[in-house]
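Peer 1: Make a model of the complete structure from these sequences and hints.
Top line first, the protein sequences correspond to chains A and B.
In terms of the working numbering, the first sequence is residues 856 to 970.
In terms of the working numbering, the second sequence is residues 232 to 346.
Careful, some of the hints might be misleading.
[To be verified] Within a straight-line C-alpha distance of at most 30 angstroms, the following computed DSSO-like cross-link-like pairs (lysine-lysine) qualify:
#1 B:K297 x B:K286
#2 B:K297 x B:K272
#3 B:K251 x B:K272
#4 A:K928 x B:K272
#5 B:K295 x A:K933
#6 A:K910 x A:K928
Because the hints were derived from the structure by calculation, they are not lab data.
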Amino acid sequence: AQTVTQSQPEMSVQEAETVTLSCTYDTSESNYYLFWYKQPPSRQMILVIRQEAYKQQNATENRFSVNFQKAAKSFSLKISDSQLGDTAMYFCAFRGGTSGSRLTFGEGTQLTVNP
Amino acid sequence: GAVVSQHPSWVICKSGTSVKIECRSLDFQATTMFWYRQFPKQSLMLMATSNEGSKATYEQGVEKDKFLINHASLTLSTLTVTSAHPEDSSFYICSPRQGAGDTQYFGPGTRLTVL
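Peer 2: Structure below.
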């Protein structure tokens, strides 16, 4: 079974600074997908970024980028130029490559951006 | 991203009554629907997975006779909590997916309070 671990229950950062959220996972599959979702106080889950394991290039989406280290099974999220609206719970998630695979979530990291 | 609606957004009911939650994917066809439950400050816990026109597959520990899932069409799925009790109070989130390799989106959630 796959597991996803987020070792930082809470983090804080000053507005405009950069913060990195950590995520490690365990799997025996070679083809899989990794995601970061954010859940703001509204509790709506929002996809932040997605990474296919077969791609060596790290995914980026505007201020959000990942550091995907396949051998180390590490998938960290970097948020640049943090904004107050980035305050949310962030979940790292894993999904296997086989048909019907479900998402496995980490425990989450509560990020607070301070003015 | 895709548009997913969930209704109602908040419901309060008396113990012993049944509550139906609707989930609609408004701009894509969901061949697979996932239903999650989330307790405060915790991660999402998968309850069941359903494919359109088929019976749902429930996770270990989730009572299939208590949480009835119907996925009769590619745009609508329902979760009915039967004979609800206070311990069923939680935040329920639907998550449709179009195809096996596609991104999984999330509904805005339903807060259920059982008195």
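Peer 1: Regarding the pair B:K297 and B:K286, is the alpha-carbon distance no greater than 30 angstroms?
Peer 2: 14 angstroms, holds
Peer 1: Would you mind confirming whether the straight-line C-alpha gap from A:K928 to B:K272 stays at or under 30 angstroms?
Peer 2: 26 angstroms, holds
Peer 1: Within a Cα-Cα threshold of 30 angstroms, do B:K251 and B:K272 meet the stated pairing?
Peer 2: Holds - the C-alpha atoms of B:K272 and B:K251 are around 24 angstroms apart, at most 30 angstroms.
Peer 1: Take a quick look at whether B:K295 and A:K933 sit within 30 angstroms of each other, Cα to Cα.
Peer 2: Not OK: B:K295 and A:K933 at ~40 angstroms, beyond 30 angstroms, violated.
Peer 1: Going straight from one Cα to the other, do A:K910 and A:K928 come out at no more than 30 angstroms?
Peer 2: 14 angstroms, holds
Peer 1: Checking one constraint from the list: CA of B:K297 to CA of B:K272, max 30 angstroms. Satisfied?
Peer 2: Answer holds: B:K297 to B:K272 is near 24 angstroms, not above 30 angstroms.
Of the numbered hints stated above, the single one contradicted by the structure is hint 5.
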